[in-house]
Amino acid sequence: MSALAGTRVVELASERIAWAGKLMGDMGADVILVEAPGGEASRGYAPFADDEEGGESLYFWHYNTSKRSVVLDLETTAARKAFLALVASADVLIESEAPGRLAALGLDYADLVAAKPDLIHVSVTPFGRETSRKDEPATDLTVIAGGGPAWSCGYDDHTIPPIRGGGNQGYQTASHYAVMSALTAIFHHGVTGEGQFVDLSMHAAANVTTEMASYFYLIEGQTVIRQTGRHAMPMMTMPVQIQCKDGRHATTGMPPRTPAGFGALYDWLVEAGLAERLPEAIFLEMARHRESIGFADIGVDDEVTAAFAAARDALQLLAENSTAEDFFEGAQKIDLTVGAILSPEEAYENPHFVARGYQVEVDHPERAEPVRYPGAPYKLPASPWRIARRAPALGEHDEEVFGPLGVDPATLADVR
Amino acid sequence: MTQHDPPPTRSGHVAPNGTALGTVRICDFTGQLAGAGATKWLAAFGAEVIRIEDPVNQGMWDVLRNMPPFVDDRRGPDFGGGYNNHNVEKRGITLNLRTERGKEILTEIIAKSDVVSENYAAGVLAKWGFGWDRLREIREDLIYVSNCGFGHEGPYAAYKTWGPIVQAMSGLTFTSGMPGREPAGWGYSYMDHTGGMYMALAILFALIHKQRTGEGQWVDLSCTDAGLSLNGPAILDWTVNGRPSRREGSPNGNRSDSPPMAPHGIYACAGEDDWVSIACRGDADWAVLTDVIGEPWAKEERWRTLAGRLAAEDELDEKITAWTRTRDKFDVQRSVIGEGVPSAAVQKPAERIEQDPGTSEFALWPEVEHAKMGRVRVDGLPAHFSKTDWKIERGGPCVGQHTDEVLSSLLGYDADEIARLHEEGIV
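The listed protein sequences correspond, in order, to chains A and B.
Under the working numbering, residue 416 is the last one in the first sequence; the count climbs by one each step, no gaps.
Under the working numbering, residue 427 is the last one in the second sequence; the count climbs by one each step, no gaps.
Any given hint could turn out to be false.
[Said to hold, decoys possible] If you anchor each label on the Cβ, the simulated ranges turn out as follows:
#1 B:Gly374 with A:Gly299: 29 to 39 angstroms
#2 A:Gly38 with B:Met67: 48 to 58 angstroms
#3 B:Arg325 with A:Ala272: 24 to 34 angstroms
#4 A:Arg257 with B:Glu315: 17 to 27 angstroms
Hints listed in this document are in silico derivations from the structure and should not be mistaken for laboratory results.
Just so it is clear, CB atoms sit at the ideal spot from N, CA and C, and this is done for glycine as well.
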């Protein structure tokens, strides 16, 4: 039985929280997506299935699996009544409406608890419900820029702007915290029977998801500086990205840390037939026979200094003569923490992910073939992750959702 | 530069009467951020998190224990600033698992715990004799969550990772960058933060399942699986349309395809390494922005529609930059936001931590009391609960700080027994 089987979540459709709804739906929650007439805007976002501009949005498909869709125009009285009935049947409401909008409609937490006293209401807004910035408009880009992540991301060349990573990660980070909040409140409800209101700020979510940038400032008053492909730090560090034979990149991380590690690197060079192209490789072999080797002796002990330099050159040479995957596997086999910089589709087709069953097929009755989707982010064998159904068509579940709630079909027709 | 008034204290959310997770006990082997971040959330909501660490190496498996930043000149496993940040509200004990007695004590703790959590490389806990079969034997309804880079199954299960490797292998490094350049990637361990979130989610899902059914389980969490999930639309573009992300013009820097917006970017401003982001959501935003810019070029017909702006996006970005370059980033933010168009200065840490009511009024930087470091500010949590809000007051535990307390209060050991365990090097 899925962890959230029997839990009903009402999601007031918004691209900001679509990921949160999916995370709960794929874990068994009955997620009812409430869309305004015309549908949620992201139904019109690229990319489109079969490249039909304005057709079925793959963006919407991805973010709305395992949900059912109903349409309500909350500006109408009948729809507000239907919404109250829906909330009364639910455990959780998640929404990202502008602060004040639900109150104006008579549908904010204070109103909803009359219909559902133990409701868990998760509000996700750019700056929280109560701060003085609460009414400022925001998008994923501005959340990432103002909230801290962008300052740390980009290139060594600081004439290039800071970079927002792809994939609306500002929304996704807020959604992760939204689900953590919902689950924490659901657990509490399971103990006490009590619901509550959660005020989540996307800006705050970005701010506490910047690792060292925040705590270097909080503790030492230091400002980190962005650097290509590696951690922003108070000072510039050595480059870590290497271009491989196939033009793709790898990230190298740490050099060997033990004498045996240096020896293994030497052996890899020999095996690859590259040892004679790096005269300094002899220092790797010498390091193999030392009692110990560490960063502390760089610049102090000439042999250690030379060994670390040779390790760097050796990795560079090996990368230049391997594909990104071969370089990654060769390095990992000798215990070097290296990564191949894969594109999403390369990772998706990679044998490791395939072997873990990461590719899952979802039935689309309207199509001849099922569609392959990203799989489980976690594996809970007793309460499995599963895409229950493809994303809903607009209002696909009006009758089956509202029927049992005793909402009069005649009024239902008006609110759609 | 914007100067704001001193932050008011957030009212009504700071002092919860009850806690959400006060009934949960976690036997916690996590460290660094990918693991410790998960149990930080749970501890802040009241779970009793007991960190189990090795007395022989002074808990230094978690290297953050002795890594910068530091509050002063003192160094050692009790002084790492990152460690403190990620381990607030937890308790810490030491236990030598090389000894039989140490294993017995661990067994007693596990028997009294709801969750065992760890983010070692795959198989480490099993090597110590605490694999899933043994754990389940100790407590049938136990929840065990293991978190590693590639999971416990699959060809890469034995390989090691840290945040940047996870990001590289799951498509996230690749999708962050300017077209035609090497990847920019993430300037921090985005997937240590996010891996920790998925670990917290996994624990919470499993706790809810257990609450409803009485059943425990082993959750095999692979950070790269979680990371790859964050590229959904790109993956469907591949599986449905056969279009790879690795193509000319991709990734596209700070631009937006879903939905298309222009201008949409981060633009240079007057100060030292100062930048401002602007996102025009449509033609109405653009019309407003042209009033703010107030220069004749902006009113030209060619820019009026999204199609026109997208057709010459490079040129448009140059013109926007020419306008922003001579201006203070907060002035741009204020004037653009003032008209209802999304814009935000790229804030440096000091700006968002000290001068931003968006964080201070949210009470986002609580100060904790650390046994040796004293008062230290840390990252708070980004959600406030009306009835069971989080509490972050205690600093991360020093090595073995709560050993005696846990042995006596949880396991009922007397002072003599505890003294003997210390003498024998078991704790």
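Hint check:
1. B:Gly374 with A:Gly299: 29 to 39 angstroms: 34 angstroms Cβ-Cβ, so the 29 to 39 angstroms window holds.
2. A:Gly38 with B:Met67: 48 to 58 angstroms: The hint (48 to 58 angstroms, Cβ to Cβ) holds, given that glycine 38 of chain A and methionine 67 of chain B are roughly 52 angstroms apart.
3. B:Arg325 with A:Ala272: 24 to 34 angstroms: Since arginine 325 of chain B and alanine 272 of chain A have Cβ atoms about 49 angstroms apart, the given range 24 to 34 angstroms is violated.
4. A:Arg257 with B:Glu315: 17 to 27 angstroms: Distance hint for arginine 257 of chain A, glutamate 315 of chain B is violated at roughly 50 angstroms.
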